[in-house]
Amino acid sequence: MRVEIYADVLCPWCYIGKRRLAAVLAEVVGRERLEVVWRSYELSPGAGRVPGPTAAEAMAEWWGEQASARISRIQALGAAEGLDLNLHVARPVNTFDAHRLCHLAAGRALADEMMERLLHAYHTEGLDVADQGVLERLGVEAGLNADEVRAVLTGDAYAEAVRADERRAAEQGVTGVPSVVIGGGPPVSGVQPPAELRRLLELSLADSRAADSAHR
Numbered sequence: 001m002r003v004e005i006y007a008d009v010l011c012p013w014c015y016i017g018k019r020r021l022a023a024v025l026a027e028v029v030g031r032e033r034l035e036v037v038w039r040s041y042e043l044s045p046g047a048g049r050v051p052g053p054t055a056a057e058a059m060a061e062w063w064g065e066q067a068s069a070r071i072s073r074i075q076a077l078g079a080a081e082g083l084d085l086n087l088h089v090a091r092p093v094n095t096f097d098a099h100r101l102c103h104l105a106a107g108r109a110l111a112d113e114m115m116e117r118l119l120h121a122y123h124t125e126g127l128d129v130a131d132q133g134v135l136e137r138l139g140v141e142a143g144l145n146a147d148e149v150r151a152v153l154t155g156d157a158y159a160e161a162v163r164a165d166e167r168r169a170a171e172q173g174v175t176g177v178p179s180v181v182i183g184g185g186p187p188v189s190g191v192q193p194p195a196e197l198r199r200l201l202e203l204s205l206a207d208s209r210a211a212d213s214a215h216r
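Just so it is clear: in the sequence shown, position 104 is 104 by the working numbering, and no numbers are missing.
If you're looking for bench data, these hints aren't it; they were derived computationally from the structure.
Incorrect hints may have been included.
Restraint ranges, calculated between C-beta atoms of paired labels, are given here [as the list claims (entries may be wrong)]: (1) N145 / R49: 18 to 26 Å; (2) W63 / V140: 31 to 39 Å; (3) G52 / L203: 37 to 45 Å; (4) R150 / A211: 40 to 48 Å; (5) V36 / H88: 29 to 37 Å; (6) A170 / Q66: 38 to 46 Å; (7) G64 / E32: 46 to 54 Å; (8) A109 / R137: 15 to 23 Å; (9) G64 / G184: 13 to 21 Å; (10) G176 / G126: 19 to 27 Å; (11) R31 / A80: 19 to 27 Å; (12) E65 / N145: 46 to 54 Å; (13) V29 / R137: 36 to 44 Å.
Note that the structure is a prediction, hence the values are computed from the model and not measured.
Just so you know, even glycine gets a beta-carbon here, dropped at the ideal spot from N, CA and C.
Can you build the whole structure from these sequences, using the hints too?
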């Protein structure tokens, strides 16, 4: 059964959701029946490739007086998952190339490692995830071949794969990230309580097993 996770590197909730989902998957009975697929979803497809204001500064513009409390809440929830979400250092940029790199990694069974490295680089280290040199290094650190990474970043490989994911998101009713689509069902939030995520996964697995038995 396929579990699709729509995410963007810029989203701190995606990093929190990734940690929660990993913990849940480690405990789900029947985990071997699940195929986890990371899907591309650009939060700011029109963003430039040159870093500007920090994430915290951008949030201050969106939320005004509520920004400080919201930022503190995000950081506290991240800390509870062992994450250092440094929103005062992270600077939003275009993530199209980062998504292309994730598709390369998926073809090498390294999608989870690539997404983890990108999220940590952006949210904790404050690295520029639109910079080709940075992406090359991160790809190699995630386990990819340096020549393959460079070839992807200097060309347009996987561009259509990213756009296909985004079309799929629209077809499945995904309007934000992180969103999880379990077995082709309706999208659900990827940051809901772990117990609820586990319940949904186990319920879908049970339905899948029942359907398999009915067709035998």
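Cross-check of the supplied hints:
1. N145 / R49: 18 to 26 Å: holds (24 Å)
2. W63 / V140: 31 to 39 Å: Holds, since W63 and V140 (Cβ atoms, about 37 Å apart) stay within the stated range.
3. G52 / L203: 37 to 45 Å: Since the Cβ atoms of G52 and L203 sit about 43 Å apart, the hinted range of 37 to 45 Å holds.
4. R150 / A211: 40 to 48 Å: Once the Cβ atoms are compared, 44 Å apart, the range 40 to 48 Å for A211 and R150 holds.
5. V36 / H88: 29 to 37 Å: With Cβ atoms ~31 Å apart, the hint holds.
6. A170 / Q66: 38 to 46 Å: violated (30 Å)
7. G64 / E32: 46 to 54 Å: holds (48 Å)
8. A109 / R137: 15 to 23 Å: This hint holds: roughly 20 Å between Cβ atoms.
9. G64 / G184: 13 to 21 Å: With a Cβ separation near 40 Å, G64 and G184 fall outside 13 to 21 Å, so the hint is violated.
10. G176 / G126: 19 to 27 Å: holds (24 Å)
11. R31 / A80: 19 to 27 Å: holds (23 Å)
12. E65 / N145: 46 to 54 Å: holds (49 Å)
13. V29 / R137: 36 to 44 Å: Since V29 and R137 have Cβ atoms about 39 Å apart, the given range 36 to 44 Å holds.
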